[in-house]
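Chain residues, written in single-letter form:
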Amino acid sequence: MIEDSGRREFLATAAVGTTVGVAGCTDALTPDDNGSDSEAADFPSDDIEIICPFDEGGGTDLTARQLSEQLENQLDTSSFVTNSTGGSGSVGFSEIASASADGHTLGILTVEICTVSHLDIGDVTHEDMTPILQYNFDPAALTVHEDAPYDSLEEFVDYAEDNPGEISVSNSGTGAIWHLAAAEFEQAADIELDHIGYEGAAPATEAVLGGEVEATTSSAAEVSSQVQDGDLEMLAFFGDERHPAFEDVPTLTEEGYDVTVGAWRGIGGPAGMDEEIVETLEDAFDEIHSSEEFEEFMENNNFQLEHRDAEEFGQFMDEEYDRFGELIDELGIEGE
Amino acid sequence: MLAGLLEGLSLVFQPLALALIVFGVVVGIVMGSIPGMTATMTVAVLVSFTFGMNPTEGMMLLLGIYGGALYAGSIPAILIRTPGTPSAAATIFDGFPLSEQGQAGKAIGIATIASFVGGAVSVLIVTVLSPQIANVALNIGSPEYFAIAFFGLTIIASISGDSITKGMLSGLLGMLIATVGLDPTLGQPRFTFGFPELSAGIEFIAVMIGLFGLAEGVNRYREGIGTIDLQQDLSGITPSRADLKSIRNVTLGSSVAGSIIGSIPGAGGDIASFVTYNEAKRWAKNATPEFGSGNIKGVAAAESGNNSSTAGALVPTLTLGIPGDSVTAILIGALLVHGIQPGPGLFDNEPGLVFSIFIGFFLVYVVILVLGLLGAHVWVRVINFPAKYLWPSIFVLCVVGTFALRGNLLDMWVMVAAGVLGFILRMDGYPLAPIVLGMILGPIAEENLRRSLELSNGSWDIIYTSPIAMVILLLAAASLVAPIALQYRESE
Numbered sequence: 001m002i003e004d005s006g007r008r009e010f011l012a013t014a015a016v017g018t019t020v021g022v023a024g025c026t027d028a029l030t031p032d033d034n035g036s037d038s039e040a041a042d043f044p045s046d047d048i049e050i051i052c053p054f055d056e057g058g059g060t061d062l063t064a065r066q067l068s069e070q071l072e073n074q075l076d077t078s079s080f081v082t083n084s085t086g087g088s089g090s091v092g093f094s095e096i097a098s099a100s101a102d103g104h105t106l107g108i109l110t111v112e113i114c115t116v117s118h119l120d121i122g123d124v125t126h127e128d129m130t131p132i133l134q135y136n137f138d139p140a141a142l143t144v145h146e147d148a149p150y151d152s153l154e155e156f157v158d159y160a161e162d163n164p165g166e167i168s169v170s171n172s173g174t175g176a177i178w179h180l181a182a183a184e185f186e187q188a189a190d191i192e193l194d195h196i197g198y199e200g201a202a203p204a205t206e207a208v209l210g211g212e213v214e215a216t217t218s219s220a221a222e223v224s225s226q227v228q229d230g231d232l233e234m235l236a237f238f239g240d241e242r243h244p245a246f247e248d249v250p251t252l253t254e255e256g257y258d259v260t261v262g263a264w265r266g267i268g269g270p271a272g273m274d275e276e277i278v279e280t281l282e283d284a285f286d287e288i289h290s291s292e293e294f295e296e297f298m299e300n301n302n303f304q305l306e307h308r309d310a311e312e313f314g315q316f317m318d319e320e321y322d323r324f325g326e327l328i329d330e331l332g333i334e335g336e
Numbered sequence: 001m002l003a004g005l006l007e008g009l010s011l012v013f014q015p016l017a018l019a020l021i022v023f024g025v026v027v028g029i030v031m032g033s034i035p036g037m038t039a040t041m042t043v044a045v046l047v048s049f050t051f052g053m054n055p056t057e058g059m060m061l062l063l064g065i066y067g068g069a070l071y072a073g074s075i076p077a078i079l080i081r082t083p084g085t086p087s088a089a090a091t092i093f094d095g096f097p098l099s100e101q102g103q104a105g106k107a108i109g110i111a112t113i114a115s116f117v118g119g120a121v122s123v124l125i126v127t128v129l130s131p132q133i134a135n136v137a138l139n140i141g142s143p144e145y146f147a148i149a150f151f152g153l154t155i156i157a158s159i160s161g162d163s164i165t166k167g168m169l170s171g172l173l174g175m176l177i178a179t180v181g182l183d184p185t186l187g188q189p190r191f192t193f194g195f196p197e198l199s200a201g202i203e204f205i206a207v208m209i210g211l212f213g214l215a216e217g218v219n220r221y222r223e224g225i226g227t228i229d230l231q232q233d234l235s236g237i238t239p240s241r242a243d244l245k246s247i248r249n250v251t252l253g254s255s256v257a258g259s260i261i262g263s264i265p266g267a268g269g270d271i272a273s274f275v276t277y278n279e280a281k282r283w284a285k286n287a288t289p290e291f292g293s294g295n296i297k298g299v300a301a302a303e304s305g306n307n308s309s310t311a312g313a314l315v316p317t318l319t320l321g322i323p324g325d326s327v328t329a330i331l332i333g334a335l336l337v338h339g340i341q342p343g344p345g346l347f348d349n350e351p352g353l354v355f356s357i358f359i360g361f362f363l364v365y366v367v368i369l370v371l372g373l374l375g376a377h378v379w380v381r382v383i384n385f386p387a388k389y390l391w392p393s394i395f396v397l398c399v400v401g402t403f404a405l406r407g408n409l410l411d412m413w414v415m416v417a418a419g420v421l422g423f424i425l426r427m428d429g430y431p432l433a434p435i436v437l438g439m440i441l442g443p444i445a446e447e448n449l450r451r452s453l454e455l456s457n458g459s460w461d462i463i464y465t466s467p468i469a470m471v472i473l474l475l476a477a478a479s480l481v482a483p484i485a486l487q488y489r490e491s492e
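Going down the list, the sequences are from chains S and B. Those letters in the first sequence? Residues 1 to 336, per our numbering, in order. Those letters in the second sequence? Residues 1 to 492, per our numbering, in order.
If you're looking for bench data, these hints aren't it; they were derived computationally from the structure. Please note that a few of the clues may not be correct.
Here are some chain S residues pointing at chain B (derived, C-beta under 8 Å) [as the list claims (entries may be wrong)]:
#1 58
#2 81
#3 83
#4 88
#5 120
#6 174
#7 175
#8 197
#9 210
#10 212
#11 270
#12 272
Simulated restraints, written as ranges between beta carbons of each label pair [unchecked claim]:
#13 S:188 with B:459: 26 to 36 Å
#14 S:299 with B:2: 29 to 39 Å
#15 S:250 with B:54: 37 to 47 Å
#16 B:377 with S:229: 27 to 37 Å
#17 S:229 with B:420: 48 to 58 Å
Glycine residues also receive a C-beta, built at the ideal position from the N, C-alpha and C atoms.
Sequences are here, hints too, so could you generate the full structure?
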């Protein structure tokens with residue numbers, strides 16, 4: 001039991017601790033919305049928060065912070081990033097979806113917004129969002145060990161046809177985008193692959209290096225250093241066009257498989273945003289997107305630029321949502 | 001390797017990084033001196049404050065705390081017969097008798113030297129061997145990872161303290177907690193009860209903060225926080241040349257042994273110091289004074305043992321991504337936040353960071369040596385500092401630190417629940433450390449076993465045709481049987 005004077009001391013010292021503690025994590029706290037009904041005309045009338053559904057320091061977070069920084073100049077307001085993570089992004093997505101649709105709370109929308117509901121991880125979908133602009137698309141790549149008995153996509157497919165189920169393909173986790181990418185290619189090529197999930201893309205790449213699996217399908221950026229060193233060989237790129245750093249690697253489309261798949265990122269807000277505000281934001285992010293600073297940032301961090309405006313981005317998410325829904329159904333990894 | 005070493009040097013020798021090392025050591029020494037406040041708790045509560053720093057700076061702070069707390073645990077062990085951290089329990093055997101004989105200063109001096117030698121020797125060993133181990137590790141696969149994690153889990157039997165059964169139950173509870181989240185093979189949510197926040201699993205740092213911060217603190221209040229009024233003569237802290245000579249062999253031997261023990265996943269400073277103390281005792285049969293009645297060799301063996309285990313624990317942490325103990329498990333969490341994946345690839349991808357960790361950890365022990373010898377008078381007063389002023393702040397830090405992990409309110413509930421659970425378990429004598437071990441190693445074992453079986457299409461051949469996996473599994477079997485055999489022999 002804490003006696004009376006002890007209780008006072010307890011509170012006093014707790015208060016000291018609070019001051020120390022809160023001073024250390026103010027960036028994790030969100031300032032209160034002032035609640036005024038902001039009209040499109042005087043938008044932005046407050047700070048703009050960008051919710052990042054993934055951890056601080058990760059790729060998505062880096063882009064969110066870059067956008068936030070440039071948005072400040074663009075709209076002459078303050079902007080800050082908060083990370084709300086978990087559930088393969090669905091925690092952050094839900095937070096974006098439930099925010100006030102006045103344009104002062106935005107968020108990064110990634111490919112997971114079109115998969116988590118199919119995977120039964122969360123119930124938030126792209127329909128809970130207002131798309132603003134897509135700025136990035138990192139397609140998958142099929143990469144094998146340099147000692148592998150196949151040196152081209154054709155040989156790989158032939159080998160897989162002769163030895164169904166023999167080739168193991170590592171991915172960054174069951175149901176993650178790189179798993180879906182491998183599965184989509186598998187369907188298009190009508191071959192049988194063995195999908196092996198790892199805890200992230202780095203261990204999945206190491207599994208190919210160590211010879212535990214035969215191939216991997218993560219983004220080109222993830223394997224680029226090992227491919228440049230010659231330990232790994234990239235057989236196909238899953239983008240629309242060839243990867244600028246790997247000009248000699250053909251795309252799946254060139255090789256006759258109608259598959260384009262990868263991770264992507266865009267910016268959006270909660271559903272039901274005022275059209276004029278969306279337009280203001282779209283223009284602002286458009287400017288950022290075409291700035292030299294942003295292009296340089298994306299290149300330095302190995303993110304590929306993509307541009308879809310609000311309308312195109314919305315349609316794109318519709319298509320992605322349907323396609324991943326079918327794919328996940330067929331793979332049988334959806335929940336009850 | 002040379003390029004990595006140079007890059008590491010340039011990362012560490014920055015004003016901020018160096019300042020963080022000193023600051024970390026001071027914080028570590030203060031926390032480690034206060035019974036109940038462990039290295040694990042301090043690192044867990046403060047880890048989220050390093051997320052805003054660059055990875056090297058964050059590591060410097062955390063390693064400083066880690067080394068400082070493990071060293072300082074010896075001070076109350078010597079002076080008031082209470083280990084500041086569990087790892088210092090073996091230091092009591094000879095340290096407290098020395099203190100009773102009025103030689104507390106000498107005991108603290110020896111403990112400081114032995115901690116420095118233990119830490120420094122083991123950092124050197126680890127720096128030389130880790131890159132080689134990482135090279136080998138690149139070629140080991142899922143069956144071997146499973147075996148290593150399983151071996152770590154069997155260590156629970158030997159760290160369980162009084163009752164192996166209670167230890168096992170704690171360990172299984174930890175494994176059970178870790179099953180919450182997405183199934184690693186099927187990708188389906190398990191035990192998430194519809195909360196998307198839970199699909200990434202229960203945040204283990206939140207659990208650790210609850211267990212080692214909240215539960216420990218509440219337990220201290222239950223036992224009553226007294227004020228210790230300590231008046232000790234602290235002369236002769238700097239050991240004489242003769243003393244140094246007499247502890248030379250035992251310190252070096254214990255440093256090597258401690259490094260090896262520390263590198264076993266799950267085995268930390270507590271096991272290392274008991275083993276090195278017992279070995280030293282066995283080797284010095286006719287020591288005068290006898291071991292247990294104030295022999296400085298006993299202090300030296302225990303302290304070099306537990307401090308050398310810290311760098312040893314970095315081996316599996318950095319080369320395999322499997323934490324060597326609960327503190328290194330938090331270090332892995334801190335690196336992951338920066339998008340850095342510990343594992344064999346780390347040595348190729350981030351050589352500068354790896355070597356900055358080694359260099360920084362070496363400097364941590366240099367700082368401990370200097371601060372320990374010069375400032376012992378000050379650190380001793382920390383014990384007198386009434387803990388009732390500190391615990392309330394710790395409670396606040398528990399909450400703030402948990403929220404700052406990733407801004408998730410659910411983590412706070414997890415922390416509070418873990419605190420309540422930990423408190424109840426402690427009252428019934430269940431050890432808490434195995435819970436953490438189970439939470440960390442359980443999923444690694446599960447994931448790799450299931451992946452192995454997926455790779456082999458369900459055949460167990462993949463496990464027993466791997467020589468490395470078999471050797472490690474045999475060691476695991478031995479570590480399971482040994483404590484039971486020992487207990488049986490003792491009861492004879």
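Hints versus structure:
For residue 58 of chain S, the interface hint holds, since its Cβ comes within 8 Å of a Cβ in chain B; the closest pair sits about 5 Å apart. Because the beta carbon of residue 81 of chain S sits about 11 Å from the nearest beta carbon in chain B, more than 8 Å, this interface hint is broken. A hinted interface residue such as residue 83 of chain S counts as satisfied when its beta carbon comes closer than 8 Å to some beta carbon of chain B; here the least separation is about 6 Å, so the hint holds. Hint status for residue 88 of chain S relative to chain B: holds, with the closest Cβ pair at about 7 Å, below 8 Å.
Hint status for residue 120 of chain S relative to chain B: holds, with the closest Cβ pair at about 6 Å, below 8 Å. For residue 174 of chain S, the shortest C-beta to C-beta distance to chain B is roughly 3 Å, which falls under 8 Å, so the interface hint holds. With a cut of 8 Å, the hint placing residue 175 of chain S at the interface with chain B holds, because the nearest CB-to-CB distance is about 4 Å. The interface hint given for residue 197 of chain S is met, as the beta carbon of that residue sits about 6 Å from the closest beta carbon of chain B, less than 8 Å.
Proximity of residue 210 of chain S to chain B holds as hinted, the smallest CB-CB distance being about 5 Å (cut-off 8 Å). Hint status for residue 212 of chain S: holds, given a least beta-carbon distance of 4 Å to chain B, under 8 Å. Below 8 Å, beta-carbon pairs count as interface contacts, and residue 270 of chain S has none with chain B, the closest being about 17 Å; its hint is therefore violated. Interface hint at residue 272 of chain S: violated, since its Cβ lies 22 Å from the closest Cβ of chain B, which is beyond the 8 Å cut-off.
A C-beta distance of roughly 30 Å is found between residue 188 of chain S and residue 459 of chain B, which places it inside the suggested range of 26 to 36 Å. Checked against the hint of 29 to 39 Å, the C-beta distance between residue 299 of chain S and residue 2 of chain B comes to roughly 30 Å, which is consistent with it. Checked against the given bound of 37 to 47 Å, the beta carbons of residue 250 of chain S and residue 54 of chain B, roughly 39 Å apart, stay inside it. A C-beta distance of roughly 55 Å is found between residue 377 of chain B and residue 229 of chain S, which places it outside the suggested range of 27 to 37 Å.
Evaluation of the 48 to 58 Å hint for residue 229 of chain S and residue 420 of chain B yields a pass: the beta carbon distance comes to about 51 Å.
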